[in-house]
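Respectively, the protein sequence lines represent chains A and B. Residue 17 is where the first sequence starts when you use the numbering used here, and the numbers rise one by one after that. Residue 746 is where the second sequence starts when you use the numbering used here, and the numbers rise one by one after that.
Calculated lysine-lysine pairs in the DSS-like style (CA-CA distance at most 30 Å, straight line):
| id | chain 1 | residue 1 | chain 2 | residue 2 |
| --- | --- | --- | --- | --- |
| 1 | B | Lys-1020 | B | Lys-1108 |
| 2 | A | Lys-67 | B | Lys-1261 |
| 3 | A | Lys-67 | A | Lys-171 |
| 4 | B | Lys-1261 | A | Lys-85 |
| 5 | B | Lys-1013 | B | Lys-1165 |
| 6 | B | Lys-1285 | B | Lys-1354 |
| 7 | A | Lys-85 | B | Lys-1258 |
| 8 | B | Lys-1272 | A | Lys-85 |
| 9 | B | Lys-1004 | B | Lys-1060 |
| 10 | B | Lys-949 | B | Lys-1261 |
| 11 | B | Lys-1013 | B | Lys-1101 |
| 12 | A | Lys-67 | B | Lys-1266 |
| 13 | B | Lys-860 | B | Lys-1258 |
| 14 | B | Lys-788 | A | Lys-171 |
| 15 | B | Lys-816 | B | Lys-1254 |
| 16 | B | Lys-1258 | A | Lys-67 |
| 17 | B | Lys-1404 | A | Lys-85 |
| 18 | A | Lys-67 | B | Lys-1272 |
| 19 | A | Lys-85 | B | Lys-1278 |
| 20 | B | Lys-1272 | B | Lys-1044 |
| 21 | B | Lys-935 | B | Lys-1025 |
To be clear, the hints were calculated from the coordinates, so they are not data collected in a lab. Quantities reported herein were computed from a predicted structural model and do not represent experimental measurements.
Given next are the chains, with one letter for each unit.
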Amino acid sequence: MKTNAIQKWSKVLLILLGIGLIVSIFVPIWSIFLNAPQYPEGLAMYIHSNKVSGEYSIINGLNHYIGMKEIHADEFWEFTILPYALGIFAILCFLAAFLNSRKILYTLTGVYLLFGVGFVFDFWRWLYDYGHNLNPQAAIIVPGMSYQPPLLGYKQLLNFEVWSYPNIGGGIMIGAGVILFILAIMEFKLAKKSV
Amino acid sequence: MKTYQKIGLAALAAVSMVACKPKGTKNVVSGDAAEKVYVAPGKHDEVYNFVSGGFNGQISVVGLPSGRTLKIVPVFSVHPENGYGFSEETKPMLETSHGFVPWDDQHHLALSQTKGEIDGRYLFANANNTPRVAKIDLTTFRTTEILEIPNSAGNHSSPFLTENTEYVVAGTRFAVPADGQGDVPIESFKENFKGYLSFIGIGKEDGKMDITFQIEAPGFNFDLSHAGKGKSHGWFFFSCYNSEQANTLLEVNASQNEKDFIMAVNWKKAEEYLKAGKAKKMAVEYAHNTFDESTQMAKSEILKEVSVLSAKELKDICYLIPCPKSPHGCDIDPTGEYIIGSGKLAALIPVFSFDKLMQAIEKKDFSGEFDGIPILKYESVLHGEVQKPGLGPLHTEFDGKGNAYTSMFVSSEIVKWDIKTCKVLDRQPTFYSTGHLMVVGGDTAKPYGKYLVAYNKITKDRYLPTGPELAQSAQLFDISGDKMKLLLDFPTIGEPHYAQAGPAELFTKNQVKFYKLEDNKHPYVTKGEAESKVVREGNKVHVYMTSIRSHFAPDNIEGVKVGDEVYFHVTNLEQDWDVPHGFAIKGAQNAELLIMPGETSTLKWVPLKAGMYPMYCTDFCSALHQEMQGYVRVSPAGSNTPLIYSLNNKKDNAQSPVKQGETK
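Modelling step: build the complete structure from the supplied sequences, incorporating the hints.
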């Protein structure tokens, strides 16, 4: 018997993933926390799909000593693309489920994983640029020092302790990649078996 | 006896004579006192103590139990440290009907209450000299309103509050003729001099003060007061002296009568008479100054009328309770039943009963009249007398457990006694001559108890000497046990009189950390560096300036001329807690500014000589603080130096960009 039907629980998962990806458009994706002796309460900055929030204006104020660029949401092309990309991935999840299409599932998984790698690379590139592209006329220049925040985890930057972690949106996006990958493999195996 | 033995004995006698010198000032501190007042680094005090500054016109905010001073809040005095009374925004706060009065003598404080308990919203303060009442907003610890009191002199029995902050009172210490009718011979004291009591209504939502009515009472000296609470809510009690109505050699002539009075005022009844139109409108002049938080600007207006009720004509609003020898403190216990008078020249403390007072009024149990006001029979209203409490009883506060604590000025001690039995339970010496005392929440319906602070007048030998003028002092006692324990003494700023205190959480939860820039409605605000500019309007030059770590914009200005009035409107762009910026310019004849994050403040500067004038930030704000500076070039009057200014000229060292100033 030849069947193109996707497993019922795969469909349920795809719908949940679609909903999750829509949620990730509206919640913070990544968090960066800073701690320093004079900021005992800590400073937080959140990256959303379309903006940055939190105390980034205070961070901007502090960065003038070492000549880092100020963070302004309108300078990032990513913020105009990201919400749509997430929306399209969500729609593809729903299409794969409702149209019973393995093809869409495979395509979605492939593109999504590529997107994920690209996203991480772009984020890293952004952090690198932000931490290395310093104003040569800055008041404080520490020889050999750059201020690139960690991609994930902890780093000490002069008097600041910096943490970087995925927030809800980021969690959903990573989870979605893992689940899509597993689903695609399982469905691929099932489809082979049923031929 | 051999000679050397004789000499030895004589020496011994001499030593023992020396050893016999009385040890009057010995400390009585128990072993664990240090532990009880130690607040470890990083920990907060348990209680906020707001302490009057006396002749300095300010209020100190002190943490208890550590005794550390946290802030000085300027109220009735100019304060060059932050520009209060010097900046264009705050100058109107110190306007009065006598013009700008930049100082006062600040005695008493009252924390706003709801249902008889401290609610953490406002603090009220009196000015004794030029009668005024101020309100301090406790979200910002800033003075936001000052109301002058007409028909008064020496606003001493003030600011005492009713249990729901309906009214704050202001009773005159000096009997005076009504405002505008003061050109009379002193001999006419008895006919012309009156004691005016002002009832200042407090807006429920905005806390705004407004003299709802005054009561014209006989020409006594009103000293202190307290509102009834619980069952006695609706009544106010004022101690008064000089019932002799003497007007010369007061100390002798005003202390002749065996008894002066406590005046009980039925303010609910007075309100009814006011509504019924029994008040006469009196033409007066008094200033009402308000600080608007959104524009960060104070304004002063002169009000012209006040409603006055006559105690003589309206027989049932005032009653006199005889009280021995120059009553001073007049304190109501937490239940509202007991009224404690303190005859400061008496050797006992009379305790009156509110229930008995009501019965006596009902039965018209009067012993006579004073200037038309009924005098109640002493015995009919007396609950009891505390016998031999000490010398010179002044003030009484309560712990909510049925105990009262009275300060003794002459015998320098605090005496604890039982309100019901009027028996003395404990006494502790103070160092020295204690005036006011305060139990945390001790004048409310629910005292927090635990701590008592005595505010002393004399501090010989307590601290390192500082010339003829020594620090004033406060002493902290633990009153949680049966015996009072001295824990700490600490110097205070100014001469403390009354104080108020409440648990820290009541005040910390509402603190403003910075002013939001987007909410700043100051007419001369500059919300970003791009908006900064210099505008000439005739001989006035307005500088729209910003400050942020670590520069001013503009940082250099040319084209100011001798004779110009320059207004620096400085907006602190920071949006972070505890990052104020200062602003000062060479030769400024008023003060500097200290501008809070998100705030705009204005310094007026009139340069008198041509030259180059540096301006700079006075509050070390960042590693680049010393770079936060600039220059103003002043040219002679009539010269044609163009008005230009520069912004952020980091790269080419002030060559460009240079902008043209506007001329209107």
